[in-house]
Amino acid sequence: MLSGAGREGTRMSNERIVVVGAGMVAHRFVSTLLERDTDGRFEVEVYGEEPYAPYDRVALTSYFQGKSPEDLLLGEPSLWDHDSVTLHRDAPVVAIDREARAVRLADGRDAAYDHLVLATGSYAWAPPVPGVDLPGVFMYRTVDDVARLREWVETRQRFFNRPVRGAVIGGGLLGLEAAGALQSMGATSTVVEFADRLMALQVDDSGGEALKRLIEKLGVTVRTGAATSEVRADRDGNAGTLVFSDGGEQLVDVVVFATGIRPRDDLGRGAGLGIGERGGVLVDDTSLTSDPAISAIGECAAAAADGHLSVGLIAPGNTMADVAVDRLLGGDAHYLGADTATKLKLLGVDVASFGDAFAQTPGALEVVYSDPFSGDYKKLVMTDDASTLLGGMFVGDASAYATLRPMIGAKLPGDPSAWILPEGAVERPELELPDAATVCSCNNVTAGTIRDAVNHEGCHDLGSVKSCTKAGTACGSCLPLVKKVMAGELEKAGLEVSNALCEHFTLSRAQLFSAIHVAELRTFTEVIERFGAGHGCDICKPTVGSILASIHNEHVLGGDRAALQDTNDRVMANMQKDGTYSVVPRIPGGEITPARLKVIAEVAEDFGLYTKITGGQRIDLFGARLEQLPQIWKRLVDAGMESGHAYGKSLRTVKSCVGSTWCRYGVQDSASMAIALELRYRGLRSPHKIKLAASGCARECAEARGKDVGLIATEKGWNVYVGGNGGFTPAHAELLVADVTDEEAFTYIDRYLMLYIRTADRLQRTAPWQAEYEGGLDEIRRVVVEDSLGICAELDAHMAHHLDTYEDEWKAVLSDPERLQQFTSFVNAPDTADPSLAYVEQRGQIRPATAEERASGAVLIAPARLEVHA
Amino acid sequence: MTAVPDTASSTATRVCALGDLTPELGVAALVEGVQVAIFLLADGSLHCVQNLDPFSGASVMSRGITGSRGDVPTIASPIYKQVFSLLDGACLVTMDKEPKEGLAPGLRVHAVAAEGDAVVVTLARD
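Chains H and W supply the protein sequences, listed in that same order. Each residue of the first sequence is one higher than the one before, counting from 1 in this note's numbering. Each residue of the second sequence is one higher than the one before, counting from 1001 in this note's numbering.
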């Protein structure tokens, strides 16, 4: 082994952290460390026994809904490419040498550490009943576990040619997850629970009963109070019969044990670290073990704040990881114990409990609502005077959980039953969250911190509150609550949280959209008379112009609409700093013939335009004067092309790679897809610009996840990602649907875009819209895929209208003398160019002259140099 | 309907027919070599200001969006969106920017009137 002294000379002065275990908590530790160790003080070596990078174990069940192990990977893959991080897979650690400060790997190598972090998690525990090791008996812990289970069920199904009979031992969280997984594979499933109710840790007897009824409705059989005494083999030696201690039997083809987890503390035990009575490496409230050079985090640790018990939940593990990082960087954060509040969706049934859910506080009162018809069971636990909330429990309808959970220990105004009666039955009072209440549990942000940011840091909108406090930046599920706290504070400070568009309209964009839509208005005059006041302005006019275009898709310069359009839309080209324009011919999907390239080149040459390739796979031609635009468009139209939208709140481009037609790696024809998408959505007016991309394989050369809508080819079709953008606040798009056909992709994108167009704020891109949409992307998916609001037919019809009515808006101007009149330099001198334009030459092309260059006189005056050659 | 500035006037120039103007859509005109922007608003009033946008240095004011702030008719620059009064040219919204060096933040207002069918501009002089 390396000696302590010898190590110093062999590597850089960085301190080396070794992390044992590559699960979710290890991932959290590394990502937090990288984020916070801005000086690059540490380098990290992570040793995991599985062949995968850290994945989302909580979402294991989604593996049965068609997700691959890659889909479950946590965070950005680039984390593991970081210079100071090395991830070793298939690399189990077998021993710790505390004296030498090194760990021994299974292959005999040693790895030295300055600080060691144990994140070994826990293992699935099964009772020692006979037959637990038979083929056909599975655990439910790792990706490999679920992969083997799936293979077994599929094989047996083919073999028997009938549904496979499945049983799950254990009626807790994992057991119910496993039952759902069996069902989704077409197997029948029976849940066998030793206790007399399901989810015994989270719900009481009545709650368990309600849960049982809800789950049985879904076709799962539930046996409570049943102890399994043996798994008996069939004549092939596979699991065949479950035998219960009361003598009962049940025929089975597959058995899953989900009977609990135990901390993996064997490395700590072997090294002589302090171990909890019920397992787990003992740690203090800074995640430090009895050895100051060793931390333990997550399920392998037994923290003082948790009564020296290991906690099998992800959130406390993440907190321990954050605390450990903080201590290593010299901070003084403390782990205050696990919040065991949970909200789960099991087989589609919501189950939630928080605080003193079992009413163990002396004198506690229980307020209960139970509806055997709907199956809902809801309970609040209050202090003896029914004023202060202590905890609660929800089965079925858990909609009040998010609001009530942060209110533990606070007074609930009014009758507490208002919170558990069906929504709408009694009006629920407005709640004021206590300052200490946690609003964002991912990043541990309290209501007080958010209020501080609003009152003292000048954060008056959701974006700035998010970046200032980090609230809602991880999973985002708390954003509605963050918004509410912020709005309450702004209101108190007399700062109105106004959704009003401007002084002329009190409505928000989304409200105005539906108002105009319902009232079937077609002109700005009608709209402002009906819903606004005054004459309008540069905020509301373009917004109304865009809404009218979204709804009716009539020419942006028709009727009284030309005066509504913002700078670029008004002349359908991009205004540059000197008042001239750039023209960007449409090149769908970035595909262009040499002949068309030649047309663009000739136009640029004839009009003396500065030419540059854009980031959107197009060619930008700069320096066109207002009166030249129609001539330039005519040249394009004559060659069978059209100008393009590089302006406007509308579709910009659809970027693509070359795809399977040429690329050795492509699995779908992404270029054809991109062209189809661009032709489908061109001209679509929206709250902000929209960018799309299509990649022909998972290498993602088109950078589709940086777009509002991005398609990535799979062997089976396309994965559709939504809500990405570059720009000031970059965001990666998230998966909307997987493995869909071309047609399905169009349908879901149609609906997604239409929903966005109808409900987003002015100048709100898809990423923040999606994050702030109530229920987030999951809810949006329900709306556009499952039609949960029943509006898909309407959204489809709206997009069909757009497709039917698309016109080349530039060509339309050429044949309309009235509109052409707007393209003159001076009303009294239509052929005179703007005399103030001046250019200099740079790298063989023109650029606007600077003030100094103008003063020196060494400039090219536009009209002399840029005369059009007819 | 005329907006008459206090400054002494020079000669009146006919720039176009009233029918050449579209309500709420500005046009640029060259008057004695000076670029001006002329607006016919929906209420029938005529306004004329310098076409030079002091915040960008480009001659583009005729291509801005008309509107109102309270009772004041306004024009917004199409480049950096500053808002100016069409009555006295004052800059009402600076968008936290400074005008280009050597330029005043407001717009010069010129006299404009309809004489019969003709739109007539009289440049304001210093």
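Keep in mind the hints are simulated off the structure, nothing from the lab. Don't take every hint at face value.
Derived DSS-like pairs: lysine-lysine, alpha-carbon spacing no greater than 25 Å straight-line [unchecked claim]:
(1) 689/H to 1100/W
(2) 484/H to 411/H
(3) 411/H to 343/H
(4) 1100/W to 577/H
(5) 484/H to 470/H
(6) 343/H to 492/H
(7) 345/H to 411/H
(8) 343/H to 484/H
(9) 577/H to 1097/W
(10) 217/H to 343/H
(11) 1081/W to 577/H
Stretch by stretch, here's where chain H covers chain W in the computed footprint (C-beta under 8 Å, at least three residues) [said to hold, decoys possible]:
(12) 1011-1020
(13) 1035-1044
(14) 1086-1092
(15) 1107-1117
Glycine included, every Cβ here is placed at the ideal spot set by N, Cα and C.
Indices of hints not satisfied (ascending):
Checked against the structure, the hints that fail are numbers 1, 6, 7, 14 and 15, while the rest are satisfied.
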